[in-house]
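Peer 1: If you want the building blocks of each chain, they are given just below.
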Amino acid sequence: MALSLTINGEVFASRRDPMTPLIDVLREDLALTGAKAVCREGFCGACMVLIDGRPAVSCLTPIALAEGRDIRTIEGLGRDGEPTPLQQALEAQDVVQCGMCFPGMVVTLTAFLAAEPGATRDEIKRALVGNICRCTGYERIIDAALVCAAGARD
Amino acid sequence: MRNARFVCMPRSVEEAVAAVVEGGANPLAGATWILRAPLRGEALAEGYAVLGGAEDLCAVEIGEAGIRIGAAVTHAALSVALVGVEGFVGLAQAASEAANPAVREVATVGGNLCAAGFAASDLAPALIAAGAEVEIHSAAGVERQSVEAFLAARATRPPGWLMTRIFAPCSARLSAHARLPLRQAGDYPVAILSLSIERRADGAIASARVAVGSVEPVARRWPGLEQALEGQTLDPDAAAEWARARLGDFEGRDGVEAPGWYRTQVLPGLARAAFRSLRAQV
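Protein chains in written order, with this note's numbering: chain A, 974 to 1127; chain B, 135 to 416.
Same shape as in the complex, but just chain A (with noise of 0.2 Å):
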């Protein structure tokens, strides 16, 4: 029996096992690549989600609790082409280094920040305990979120 997955707002039959994790289907049949498989146990999110707005690890959802619900990817964050507030604030910082880490990252501060629109430095990295990153660039990227913060007050 096939599975339905809605993929950034898309519906894709999966016949794979159900408990495969949700970022091989990503990855290996949607070719979705930016989420990235590194440690697969919830540690590093890399493989950070949204599973119905929420940030998800897709290297511990099973595509089985992954159906019928909205799962979007960082490759569909932006619309008509164009990045999201967050995703020019992160460029125009220069945050980005080696990338491993960095689609996680833009995933899990999307919810954050449009749930907690005003958050503080502090507040940003509590949310960010979740997304290991190994170039150590924490510090721009919580400068680039709350710049996105700052611009979402104004």
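I should point out that these hints are in silico values taken from the structure, not numbers from a laboratory. Bear in mind that the values here come from a model prediction, so they are computed numbers and not experimental data. The beta carbon of each residue, even a glycine, is placed where N, CA and C say it ideally should be. Some hints could be false.
Covered stretches of chain A (in silico footprint by chain B; criterion: 3 or more residues with CB under 8 Å from a CB of chain B, positions within the stretch not fixed) [what the hints assert, rightly or not]:
1. 1009-1017
2. 1032-1044
3. 1092-1106
Once you've looked at the hints, dock chain B against the given chain A.
Peer 2: Quick look at chain B alone, frame taken from chain A:
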């Protein structure tokens, strides 16, 4: 191609119990432990029953006598439900600090208690300290037992059972939860100390329930420290010394993240931190 593995979606507690007890399905809640089975060299089961569709399993009910927590309630939902609920500060801390935000959104109370190979559960010692009990359905019927008794026997329990609810009594006890992750947050703690106390009219400790997690393979109470605390005041430094004098009560488990001796050696510091939290609540 046909999916060889089956996944069913029960819509009620009764359907979930039938799927697991009679249908041979394994319970599946947040999946954060089960989906890591291959990393542990374990095979996935042939069939799963997704518990999140059963409304009763996802509810937290707070009454005068106590709280009733559905086994499929997530850490995040529990921490929200316990905001401002007297007597459950420690349990709320455990629910809000475990793992990381995305894992807390899906990892459940029942999953945390039922994962026999997971020693670093935050909720296990917090629920022991809260005096909680679990409700288990099996072919033999429905039973209720303390969280500590359940944890001690869970690895040898024959298959075909489902944890449905957790009950924790309301009381005027103060509680706290102290944990030591290797990073400031976001990973599993190498040691955890949860406690709850009842105070006498003069402010001294009438009774204490202390639970230690992550140090040994299974969380359990610390009777020696509980007895030492009776009649004492809320003195963090003294609590640390009483804990230090009883470290021989534990045999720490060795792991890649920390050796066993380290897990026991940090317990006095956790006792001190827990007592500071208690004192801040007075």
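Peer 1: Against each hint, give a clear statement of whether it holds in the structure.
Peer 2: Structure-based check of each hint:
1. Proximity of the stretch 1009-1017 of chain A to chain B, defined as three or more residues with a beta carbon under 8 Å from a beta carbon of that chain, is established by the 4 residues found.
2. Using a Cβ-Cβ cut-off of 8 Å, 6 residues of the stretch 1032-1044 of chain A lie near chain B, which meets the minimum of three, so the contact claim holds.
3. Judged by the Cβ-Cβ criterion of 8 Å, the stretch 1092-1106 of chain A is covered by chain B as claimed, because 5 of its residues qualify and three suffice.
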